[in-house]
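Colleague: Each chain is listed here by its residues.
Number of protein chains: 2
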Amino acid sequence: MPGFQLGSIGRKDKRESGLKIHRRGFVALVLGVAASVRLPGVARAEDAHLPSWNDGAAKQAILSFVRATTDAASPRFVPPEERIATFDQDGTLWVEHPMYTQVVYCLARVPAVAKAKPELMEVEPFKTVLSGDREAIAKLSMDDLFKILGATLTGMDVETFAHEVAAWLEKARDPRWKRPFTDLTYLPQIELLTYLRANGFKIYIVTGGGQDFVRVYSGRVYGIPREQVVGTAGGVSYEYGADGRPVLIKDPKLLLNDNNAGKPEGIHLMIGRRPRLAFGNSTGDRQMLEYTTAGDGARLSLIVLHDDAEREYAYGPAHGLPDTKVGTFTQALYDEARADGWIVVSMKNDWKRIFAFET
Amino acid sequence: MPGFQLGSIGRKDKRESGLKIHRRGFVALVLGVAASVRLPGVARAEDAHLPSWNDGAAKQAILSFVRATTDAASPRFVPPEERIATFDQDGTLWVEHPMYTQVVYCLARVPAVAKAKPELMEVEPFKTVLSGDREAIAKLSMDDLFKILGATLTGMDVETFAHEVAAWLEKARDPRWKRPFTDLTYLPQIELLTYLRANGFKIYIVTGGGQDFVRVYSGRVYGIPREQVVGTAGGVSYEYGADGRPVLIKDPKLLLNDNNAGKPEGIHLMIGRRPRLAFGNSTGDRQMLEYTTAGDGARLSLIVLHDDAEREYAYGPAHGLPDTKVGTFTQALYDEARADGWIVVSMKNDWKRIFAFET
Chain A
0 MPGFQLGSIG RKDKRESGLK IHRRGFVALV LGVAASVRLP GVARAEDAHL PSWNDGAAKQ
60 AILSFVRATT DAASPRFVPP EERIATFDQD GTLWVEHPMY TQVVYCLARV PAVAKAKPEL
120 MEVEPFKTVL SGDREAIAKL SMDDLFKILG ATLTGMDVET FAHEVAAWLE KARDPRWKRP
180 FTDLTYLPQI ELLTYLRANG FKIYIVTGGG QDFVRVYSGR VYGIPREQVV GTAGGVSYEY
240 GADGRPVLIK DPKLLLNDNN AGKPEGIHLM IGRRPRLAFG NSTGDRQMLE YTTAGDGARL
300 SLIVLHDDAE REYAYGPAHG LPDTKVGTFT QALYDEARAD GWIVVSMKND WKRIFAFET
Chain B
0 MPGFQLGSIG RKDKRESGLK IHRRGFVALV LGVAASVRLP GVARAEDAHL PSWNDGAAKQ
60 AILSFVRATT DAASPRFVPP EERIATFDQD GTLWVEHPMY TQVVYCLARV PAVAKAKPEL
120 MEVEPFKTVL SGDREAIAKL SMDDLFKILG ATLTGMDVET FAHEVAAWLE KARDPRWKRP
180 FTDLTYLPQI ELLTYLRANG FKIYIVTGGG QDFVRVYSGR VYGIPREQVV GTAGGVSYEY
240 GADGRPVLIK DPKLLLNDNN AGKPEGIHLM IGRRPRLAFG NSTGDRQMLE YTTAGDGARL
300 SLIVLHDDAE REYAYGPAHG LPDTKVGTFT QALYDEARAD GWIVVSMKND WKRIFAFET
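Residue numbers (numbering that gives the first Met the number 0), protein chains in the order written: chain A, 0 to 358; chain B, 0 to 358.
Any given hint might turn out to be false.
Covered by chain B, according to a simulated footprint, are these stretches of chain A (three or more residues, beta-carbon under 8 angstroms) [as the list claims (entries may be wrong)]:
hint, segment
1, 162 to 176
2, 209 to 219
3, 243 to 252
Pulled from the structure, derived: some chain A residues nowhere near chain B, Cβ distances all over 10 angstroms [to be verified]:
hint, residue
4, PHE76
5, ALA113
6, GLY131
7, LEU144
8, MET155
9, HIS267
Which chain B residues stay away from chain A? Per the calculated CB distances, all over 10 angstroms, these [unchecked claim]:
hint, residue
10, ASN53
11, MET98
12, ARG108
Calculated from the structure, these hints are not laboratory results.
All C-beta atoms, glycine included, are put in the ideal place defined by N, C-alpha and C.
Isolated chain A (complex conformation) (with noise of 0.2 angstroms):
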């Protein structure tokens, strides 16, 4: 197919360019200038790989790591089966605010495993929960809301499971925009994912979610296996149902809690190799930033800014924004990104559209 390489050779040649911007000054002064002068009709290459992304600090940063860590000739070069990079969920690839997506699973089953269980109707925080009273439900402990994410995450075998969420998210919407949570993905991280995967990058998501439950539509969401899905997991055990026939039923014992520390160390146990890219958004993707910029060669940490309350959500002590249950990107970690090159990405600047629904 001489059309698709006669086009490759073209995007080498630009990438080959764009590498001396960062090198010289002067010729990064003229090529600059150059490129920003956009020809009516001719799509940069830039935008067809991350056309939902402004040019910025970015943009480059991402499409200068692919270029070195692809090209055999660089010394960043990093051979396919090393390239793995792993990207947080909630709040990195799709909305958490107000309430992770799952939490509001979880408290969408209450009724039904009350149902179950009737002695749990008089009991707190169930409730609570099956008052509907939305102001007291959001003052909710988080022991309340352990005792919740127990009892409506365990007790079933993991068939019954992934069934239960699959009809939940075909019917669930988000009170904001009135689509199914799985329709609240960032285009930008979609177009990213595609341009990782492209060349070679194997993509993991690596979630304080539970592992079941993103397992359940990681494929048709984000084009990842179940089996790259890294999140937080209880326990199973092995036991024979009513036809003599094996099924696994979910433990209420937690076996890796995919937050903080949890998260190198979840890594390390599922897929045994530290990351040559991470993408994250608050506190509790640290150290998975930590551990993959401290690996030798070439590595790139990136964490998601919400600083666009008109089309998403503003929240974050850093720069001043409120601080929240979920996502908290504190001063400290905006510091640290900086001290250690880690990537900031302004959700309101450097992100052109943020959902694919919108016109």
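Since chain A is already given, all that's left is putting chain B on it; use the hints.
Modeller: What follows is chain B alone, placed relative to chain A:
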């Protein structure tokens, strides 16, 4: 490459005529006799795939399973993303007798550990191991063994551990064949891995051995990447080294005992899909084999019977062979295999060659 295409078509025709053998008695008889007449210089398709397997029920079951699961027109077709195959390691992919290679490693590490912690020199079971008294070492209890595993497999960072294992594998030699342990893989199984991989199966090792241990050589020896090794796994702790860089320290805490029921539990944790094909050799693989065949659609479970005292070893109470500390193949397991339709692979009868180094 027309030559390659021609070859593929030729193989496909061969497969289709092979399928008829199973469907029609008379045609089967005629074709069966014809198939057994070997023309000199003409390699048959089956030989091209699994040359070190003798013709017989086991080889035919494998070829038939792969044909059906990869033929989109077959009712037993399996989409590529669901083609998961899981292999036990010790006794299934390589020699486990008279002692698991990892146990040999742990015993060999004791002097270095005792040098670093001299207080161990006067403490059992380290004292016995250091004495070099083979008879006394062979009599150590399981509790003693766990103490040795704990002392030799934990306490260091994961990268140091991997370097130590790699260095040991370079110089250690099996006492019977005087070769590196990694030479003692079964050639018919290496051919099977290659054949499955060529047919779109994603292959995992699911071993009772240490996950971090097997990952050191799985890529080089089996072509199975580190992230496709599920094994007995301890926790790791995220800490900061003297230079401030993060390290993962191997903990004595057991996260997954990947034996017996732990095998399907570990498969769910690390893969999240039920295997389509599973291969084991002992009671430790029973639940993995059960779990595999209990799934819907095409499934195949296989089990190696070590009945070749001359070329390898003969052990296990099934068929009246002696029981041992490793790889127990009981009469009950044999009966379950027969009742459940698992394929019992006789090392003596089904494997033409055992090792690649044999002439």
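Colleague: Hint by hint, note whether the structure agrees.
Modeller: Here's how the hints hold up against the structure:
no., hint, result
1, 162 to 176, "violated (count 0)"
2, 209 to 219, "holds (count 4)"
3, 243 to 252, "holds (count 3)"
4, PHE76, "holds, 18 angstroms"
5, ALA113, "holds, 27 angstroms"
6, GLY131, "holds, 34 angstroms"
7, LEU144, "holds, 23 angstroms"
8, MET155, "holds, 13 angstroms"
9, HIS267, "violated, 5 angstroms"
10, ASN53, "holds, 32 angstroms"
11, MET98, "holds, 25 angstroms"
12, ARG108, "holds, 21 angstroms"
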